[in-house]
Amino acid sequence: MVGAAVTTKTKWALRLVALLYLALLLIVPVGLIFWRTFQHGFSPFWHSITTHEALHALRVTLEVAITATVLNTVFGITASLLIVRHAFPGKRLLNALIDLPLAVSPVVAGLALILIYGRLTPIGGWLGHQGVNVIFALPGMVIATVFVSLPLVVRELVPVLEEIGTEQEQAAWTLGASAPQTFRRITLPAIRWALAYGIVLALARSLGEFGAVAVVSGKVVGQTQTLTLYVEQQYQNFDKTGAYAVSVMLAMIAIVTLIAMTLFRPKER
Amino acid sequence: MPPAPRPGSAPGQRTRAGAGTALGLGFATLYMSIIVLLPLSAIVWKAHQAGWSGFWADVTTPEAWSTMKLTILLSIAVALTNIVMGTLIAWVLVRDSFPGKRVMDVLIDLPFALPTIVAGLVLLTLYGPTSPIHVTLAYTRPGVFVALLFVTLPFCVRTVQPVLIELDRDMEEAAASLGASRITIFRRIVLPNLMPAILAGGALSFARALSEYGSTVLISGNIPFKTQVASVHIFNQIENDNVTGAAAVATVLLGVSLIVLLAIGVIQRWSVRR
Numbered sequence: 129m130v131g132a133a134v135t136t137k138t139k140w141a142l143r144l145v146a147l148l149y150l151a152l153l154l155i156v157p158v159g160l161i162f163w164r165t166f167q168h169g170f171s172p173f174w175h176s177i178t179t180h181e182a183l184h185a186l187r188v189t190l191e192v193a194i195t196a197t198v199l200n201t202v203f204g205i206t207a208s209l210l211i212v213r214h215a216f217p218g219k220r221l222l223n224a225l226i227d228l229p230l231a232v233s234p235v236v237a238g239l240a241l242i243l244i245y246g247r248l249t250p251i252g253g254w255l256g257h258q259g260v261n262v263i264f265a266l267p268g269m270v271i272a273t274v275f276v277s278l279p280l281v282v283r284e285l286v287p288v289l290e291e292i293g294t295e296q297e298q299a300a301w302t303l304g305a306s307a308p309q310t311f312r313r314i315t316l317p318a319i320r321w322a323l324a325y326g327i328v329l330a331l332a333r334s335l336g337e338f339g340a341v342a343v344v345s346g347k348v349v350g351q352t353q354t355l356t357l358y359v360e361q362q363y364q365n366f367d368k369t370g371a372y373a374v375s376v377m378l379a380m381i382a383i384v385t386l387i388a389m390t391l392f393r394p395k396e397r
Numbered sequence: 175m176p177p178a179p180r181p182g183s184a185p186g187q188r189t190r191a192g193a194g195t196a197l198g199l200g201f202a203t204l205y206m207s208i209i210v211l212l213p214l215s216a217i218v219w220k221a222h223q224a225g226w227s228g229f230w231a232d233v234t235t236p237e238a239w240s241t242m243k244l245t246i247l248l249s250i251a252v253a254l255t256n257i258v259m260g261t262l263i264a265w266v267l268v269r270d271s272f273p274g275k276r277v278m279d280v281l282i283d284l285p286f287a288l289p290t291i292v293a294g295l296v297l298l299t300l301y302g303p304t305s306p307i308h309v310t311l312a313y314t315r316p317g318v319f320v321a322l323l324f325v326t327l328p329f330c331v332r333t334v335q336p337v338l339i340e341l342d343r344d345m346e347e348a349a350a351s352l353g354a355s356r357i358t359i360f361r362r363i364v365l366p367n368l369m370p371a372i373l374a375g376g377a378l379s380f381a382r383a384l385s386e387y388g389s390t391v392l393i394s395g396n397i398p399f400k401t402q403v404a405s406v407h408i409f410n411q412i413e414n415d416n417v418t419g420a421a422a423v424a425t426v427l428l429g430v431s432l433i434v435l436l437a438i439g440v441i442q443r444w445s446v447r448r
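So the protein lines, in turn, are chains A and B.
In my numbering, each residue's number is its place in the first sequence (first place is 1) plus 128.
In my numbering, each residue's number is its place in the second sequence (first place is 1) plus 174.
Because the hints were derived from the structure by calculation, they are not lab data.
Virtual Cβ for every residue (Gly too), placed ideally from N, Cα, C.
Among the hints, a few may not be true.
Derived coverage of chain A by chain B (criterion: at least 3 residues anywhere in the stretch with Cβ under 8 Å from a Cβ of chain B; other residues may be distant) [as the list claims (entries may be wrong)]:
#1 334-345
#2 370-378
#3 385-393
Go ahead and model the full structure; you've got the sequences and the hints to work with.
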């Protein structure tokens with residue numbers, strides 16, 4: 129019947145158009161950057177990603193991304209439990225606001241943080257007096273990264289929490305388990321794959337964040353420069369080898385992320 | 175699903191659960207305020223600091239106006255292209271089978287996982303000044319368009335694909351046995367069922383294209399009146415210390431994004447009802 133519904137000719141045409149589109153947009157460009165990076169062997173690549181500046185950028189990136197992901201994981205668990213398991217005024221508002229960062233331009237997010245935490249603002253000025261600089265420093269970069277990846281953990285946890293229901297938690301509860309015990313022994317094991325999936329998404333987004341961090345970091349080489357900022361700088365300084373090498377490294381992280389995503393992806397999707 | 179009341183037998187447990195909820199709620203509120211609410215309110219406040227006329231003057235400077243026009247037109251074009259190509263790709267992934275389909279299915283998500291600056295650089299290797307196929311899209315509008323298509327590729331595919339998998343083939347077969355042509359079947363049976371998903375995917379693509387920065391910054395070359403999209407414009411204004419101007423354009427972007435978010439919500443409720 130499938131053959132009757134769609135003739136072989138149409139099928140081939142559709143397949144060809146889809147593959148051509150994907151090849152021109154995605155596969156050939158990504159393949160090409162790998163080829164350009166490795167065409168003279170592995171050592172130029174290794175040399176480019178182990179320069180002092182690149183390694184420093186890697187360390188800053190990891191620090192910022194891991195901190196942001198830990199924060200978003202704690203927030204994600206709390207917020208999803210609140211949304212699914214509790215009733216409180218403003219619940220719909222919280223639910224709607226959590227999605228907001230996905231629709232906000234990273235540059236706008238960065239600008240928003242400058243307007244609140246910049247040194248010339250009341251809050252930023254007060255924090256500066258306490259010795260905490262947010263903008264053009266790591267705290268600002270962490271907040272910017274948290275902003276752009278904020279919904280990712282929550283959005284994975286909410287449907288799973290809704291699906292598992294409360295029967296087991298109630299059983300544990302009546303048997304005298306405390307709230308933390310119930311969470312650790314019943315809820316956490318039930319949501320662990322969705323949690324892992326959300327963390328992978330959030331971490332990948334955090335490692336690759338560019339726009340928001342570009343605004344709040346001030347792009348100070350050797351201090352607040354992340355890997356993505358390093359790529360931009362090397363490209364604009366005509367060091368294509370360096371830009372390509374670090375890009376390929378980030379692309380490899382992205383591919384590992386994809387593999388992790390297919391492993392953790394909830395079965396029903 | 176309504177939240178079930180805790181069946182706490184001892185009053186002590188009830189109090190603990192209540193305290194836990196309050197603590198969690200306090201934490202979530204504080205977190206959202208520090209990171210999202212206060213900063214975004216600051217943008218709207220800054221944009222309107224010089225009054226409505228000041229805001230209007232900031233968004234109607236020739237550069238701001240042309241950048242917003244370009245961004246919105248490009249985003250519409252990106253959404254339309256994704257509606258067609260995303261649906262087509264989803265169709266091929268669900269209804270067709272060929273070697274390598276599984277890999278293709280995984281690769282669709284690559285633009286989500288790839289840092290946007292890398293996406294821009296990757297496109298420049300094929301469509302940049304050193305293009306091996308001699309197609310130079312760098313510093314042109316088509317170049318920006320391709321970059322936006324790259325980062326929005328997964329949206330329509332991933333919204334349409336699950337609906338297409340769930341779609342009951344019986345209806346199509348019944349229509350075919352009653353003599354309906356393939357075009358009629360697609361138009362009258364498949365398309366109406368896919369419509370909410372296609373529209374949601376299109377709206378998501380539009381919102382993303384509207385706010386995209388990283389992938390366009392290298393390929394656009396940042397030429398005002400020609401290739402400069404809104405996010406790049408805002409970034410320039412920040413660097414030139416024109417924070418008020420940046421906030422004004424940012425407010426417009428925020429407003430349009432909010433409308434799109436609401437539209438997606440409406441589409442989703444509509445599709446649940448059907």
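Results for each hint:
no. : hint    : result
1   : 334-345 : holds (count 7)
2   : 370-378 : holds (count 4)
3   : 385-393 : holds (count 5)
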